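Chemist: Chain by chain, the residues run as shown.
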Amino acid sequence: MNKTGLIIKREYLTRVKKKSFIVMTFLGPLLFAGLMVGAIFLAMSDDTTHNVLVTDEFGIVVGEGPDGKPVKATPRFFEDSERIHYFFTNDPISDQEFIDSEYTLLLQTNELTFNNGKAELVHKKLPSMSVKSQIKNELEGALEEVRILRKQKNNEIILTYEQYKSINQKVTLVDQDIESDKKDSLKQERAAVGFVFAVIIYFFIFLYGVQVMRGVIEEKTNRIVEVIVSSVKPFQLMMGKIVGIGLVGLTQFLLWVVLSGVIFLIVQIVFNAGYVSPSAVLDQQQMAQVGGDQQDLYAVLAQNPVFEVLFRINWPLMIGSFIFYFIGGFLLYGSLFAAVGAAVDSETDTQQFMLPVSIPLVFGFIVAEFMLTNPEGSIGQIFAIIPFTSPIVMMLQVAMGPTGGIWLVLTSALVLIATFILIVWIAGKIYRTGILMYGKKASYKELWRWLRFKS
Amino acid sequence: MLSVKDVSKSYSGHRALTDVSIEVPKQSIFGLLGPNGAGKTSLIRIVNQITAPDSGQIFFDGEPLKARHVEQIGYLPEERGLYRKMKAGEQAIYLAQLKGMPKAEAKRILKDWFEKFQILDWWDKKVEELSKGMAQKIQFITTVMHNPKLLILDEPFSGFDPINTNLVKDELMRLRDEGTTIILSTHNMGSVEEICEEIALINKSKKVLGGPVADIRKQYSQDLFRISFKGNMLDFTNALWTNFELVEKHSEDDNYHSCKVKLLGDNTLNNLLQALIPVVEIQGVEELIPTMNEVFIAAVNEKMEDQSHE
Numbered sequence: 001m002n003k004t005g006l007i008i009k010r011e012y013l014t015r016v017k018k019k020s021f022i023v024m025t026f027l028g029p030l031l032f033a034g035l036m037v038g039a040i041f042l043a044m045s046d047d048t049t050h051n052v053l054v055t056d057e058f059g060i061v062v063g064e065g066p067d068g069k070p071v072k073a074t075p076r077f078f079e080d081s082e083r084i085h086y087f088f089t090n091d092p093i094s095d096q097e098f099i100d101s102e103y104t105l106l107l108q109t110n111e112l113t114f115n116n117g118k119a120e121l122v123h124k125k126l127p128s129m130s131v132k133s134q135i136k137n138e139l140e141g142a143l144e145e146v147r148i149l150r151k152q153k154n155n156e157i158i159l160t161y162e163q164y165k166s167i168n169q170k171v172t173l174v175d176q177d178i179e180s181d182k183k184d185s186l187k188q189e190r191a192a193v194g195f196v197f198a199v200i201i202y203f204f205i206f207l208y209g210v211q212v213m214r215g216v217i218e219e220k221t222n223r224i225v226e227v228i229v230s231s232v233k234p235f236q237l238m239m240g241k242i243v244g245i246g247l248v249g250l251t252q253f254l255l256w257v258v259l260s261g262v263i264f265l266i267v268q269i270v271f272n273a274g275y276v277s278p279s280a281v282l283d284q285q286q287m288a289q290v291g292g293d294q295q296d297l298y299a300v301l302a303q304n305p306v307f308e309v310l311f312r313i314n315w316p317l318m319i320g321s322f323i324f325y326f327i328g329g330f331l332l333y334g335s336l337f338a339a340v341g342a343a344v345d346s347e348t349d350t351q352q353f354m355l356p357v358s359i360p361l362v363f364g365f366i367v368a369e370f371m372l373t374n375p376e377g378s379i380g381q382i383f384a385i386i387p388f389t390s391p392i393v394m395m396l397q398v399a400m401g402p403t404g405g406i407w408l409v410l411t412s413a414l415v416l417i418a419t420f421i422l423i424v425w426i427a428g429k430i431y432r433t434g435i436l437m438y439g440k441k442a443s444y445k446e447l448w449r450w451l452r453f454k455s
Numbered sequence: 001m002l003s004v005k006d007v008s009k010s011y012s013g014h015r016a017l018t019d020v021s022i023e024v025p026k027q028s029i030f031g032l033l034g035p036n037g038a039g040k041t042s043l044i045r046i047v048n049q050i051t052a053p054d055s056g057q058i059f060f061d062g063e064p065l066k067a068r069h070v071e072q073i074g075y076l077p078e079e080r081g082l083y084r085k086m087k088a089g090e091q092a093i094y095l096a097q098l099k100g101m102p103k104a105e106a107k108r109i110l111k112d113w114f115e116k117f118q119i120l121d122w123w124d125k126k127v128e129e130l131s132k133g134m135a136q137k138i139q140f141i142t143t144v145m146h147n148p149k150l151l152i153l154d155e156p157f158s159g160f161d162p163i164n165t166n167l168v169k170d171e172l173m174r175l176r177d178e179g180t181t182i183i184l185s186t187h188n189m190g191s192v193e194e195i196c197e198e199i200a201l202i203n204k205s206k207k208v209l210g211g212p213v214a215d216i217r218k219q220y221s222q223d224l225f226r227i228s229f230k231g232n233m234l235d236f237t238n239a240l241w242t243n244f245e246l247v248e249k250h251s252e253d254d255n256y257h258s259c260k261v262k263l264l265g266d267n268t269l270n271n272l273l274q275a276l277i278p279v280v281e282i283q284g285v286e287e288l289i290p291t292m293n294e295v296f297i298a299a300v301n302e303k304m305e306d307q308s309h310e
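Chains E and F, in that order, are what the protein sequence lines are.
Following this note's numbering, the numbering of the first sequence begins with 1 at its first residue and continues without gaps.
Following this note's numbering, the numbering of the second sequence begins with 1 at its first residue and continues without gaps.
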């Protein structure tokens, strides 16, 4: 086996076999799943009272009462519940009027609603999933009844199967935020998904970068390093360490993904079967009805706002770039951390060098946070190209569909590759000299001198 | 076996080696001596290709030194250690693989070595559970396990008790007899006298002394003799007169003495005996050849005096 391979294998195996790795592998997903379940639970338990104005210009579900005032056309549906109150009108309402009004939600029908069951649910604040599905159920019921009533009016009292199918149509509510017109793009939500990946990259680079540094310091203080560099080149030792530890990080990440998925699935099944709002159960039934028809399953899932966001992300690109930027970022920062480890004698001495290494990383994280509220700002594009922040910032860009288009992805990737080659080379030089220097706390001037030593 | 030719190396203004040339004969134990900071470690690191010389050449078995030669060199650095969390056997196999040995072969050979050094029971123990002596044994084993043509040992005996020191010495001599060339860097002059055939002494980055141990000790002999005699001490000192110098005297009793005498001028031992025989009864005569320790101190101080004159 090739010597670098041997080093990678040792670095990898000793870490993967550690108890702490195994514990973290199982605790991580539990923590993750706990957070996700918590978030879903919060999203479902919404105790705000909603005033829903049903505007129906076409008189489908809102008719005219005896006193000329608009009332619901079907008495059975749109009953006020504890937390949802319905109001009705046949007149369109302007955005400003809605903002100034006391209504929290606006259910808007259009000329096609009667046939295709699509309506818009305009919100000031995104309603919880349970509120949304209650409103959906009401509209669905009302439409079904109205369709039957119309058929009765046309003396088509006897229903054929086709007639029933045309009555029993699902309702789709399209979310719309009153203060923005991003009806389709869901950019912010997608940026949030990218942010999750950015956080993962940020933490993994930090966590495992510091492990590289510790490993180098350990070898130095152990004094085994001189034995090893008499058999292999220092550069091989450094790269073996970085790659080995990077693979440990990737392994941990993949295990987390798999385990989180499993836990999340189990929890969801338990949740859906036992607890939860009737709507979720209804969705399940609908899914059962549509059976193996993937197209419909997709449609059902897409009604869920979370899934809708997820479906809009280019996953092959997302996962591809996650792996690329994880590796690129880790090589870049890992070699910097290795150089820091080589330049000092003990971990307490690392601070003066840690700061300049971690500042760009933290800064990337701050930019990513900023992008959550300003997904399309030029700052997000600039830092997507700078290689020290790009592994973090690009996660948001890719998730949103990069503002700069494909050239942004390509430029950023090329700059990152060029930079990590340069940095690995520089770090290799510092490392080579540093690992054999004892009892000397290196200064930056010293490091500069090391860079110019002959190998 | 190993020729170092005019090697120089400097680190940011500080000169570690200046035109050093040494010739290590095949199948011998070669002592590389010098005070701390003289440049020994720099030279050893260059031979191990951990660093490269600024100028000069190195030949390994007649060929210019190349990367592949590392597999034929075993190196035990002065500052040595092991991965504390790894198991002893596992670690030894890892180090053997880094030297290019296949795993199965490494395991077989290492088991034999562990057996010989009586640490086979510790094969599966973590290094941090081992005593310092055991760790030292493992380090020694990992240096010699791949049967290198050239062994470079920096202070190999430090940390060993006298019994294990002898074990290692015997092993070294056996390896030499089987064809290995050994470079020994040490401050333990006793072991240099005991096992080294040739030495080189480096001081202040330059080689100041080199050659077979016996020749060097002769070269530094100061015409000192120990004379034991029966008779009167006063008669003895009178007989010395101005041609000889009494350096040290030791009296067993009034009639039996042992003295260290230095020949002055062109006088020989014969002259000394001619002067003494008429007055005292000589019991024994012994030439006092300086120990390597004395040679070392003399050579290093000489050099320092030279420099202070400059």
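No lab work stands behind these hints: they were computed from the structure.
Remember, predicted model here, so these are calculated numbers, not experimental data.
It is possible that some hints are incorrect.
Said to hold, decoys possible - Here are a few chain F residues that sit away from chain E, every Cβ distance over 10 Å (derived from the structure):
1) Pro25
2) Asn48
3) Glu71
4) Tyr75
5) Pro77
6) Glu79
7) Gly81
8) Leu82
9) Tyr94
10) Leu95
11) Thr142
12) Asp177
13) Lys206
14) Thr291
As the list claims (entries may be wrong) - Computed cross-link-like contacts, DSBU-like style, restricted to lysine-lysine with a CA-CA straight-line distance of at most 35 Å:
15) F:Lys249 to F:Lys206
16) F:Lys204 to F:Lys230
17) F:Lys103 to E:Lys3
18) F:Lys5 to E:Lys9
19) E:Lys233 to F:Lys230
20) F:Lys116 to E:Lys125
Positions of the beta carbon are idealized from the N, C-alpha and C atoms, including for glycine.
Chemist: Hints first: check each against the structure and report whether it holds.
Modeler: Now the hints, each set against the structure:
no. : hint                 : verdict
1   : Pro25                : 23 Å, holds
2   : Asn48                : 4 Å, violated
3   : Glu71                : 8 Å, violated
4   : Tyr75                : 4 Å, violated
5   : Pro77                : 4 Å, violated
6   : Glu79                : 4 Å, violated
7   : Gly81                : 4 Å, violated
8   : Leu82                : 6 Å, violated
9   : Tyr94                : 6 Å, violated
10  : Leu95                : 7 Å, violated
11  : Thr142               : 7 Å, violated
12  : Asp177               : 25 Å, holds
13  : Lys206               : 21 Å, holds
14  : Thr291               : 31 Å, holds
15  : F:Lys249 to F:Lys206 : 38 Å, violated
16  : F:Lys204 to F:Lys230 : 48 Å, violated
17  : F:Lys103 to E:Lys3   : 13 Å, holds
18  : F:Lys5 to E:Lys9     : 39 Å, violated
19  : E:Lys233 to F:Lys230 : 68 Å, violated
20  : F:Lys116 to E:Lys125 : 79 Å, violated
Checked against the numbered hints given earlier, the structure breaks hints 2, 3, 4, 5, 6, 7, 8, 9, 10, 11, 15, 16, 18, 19 and 20 and satisfies all the rest.
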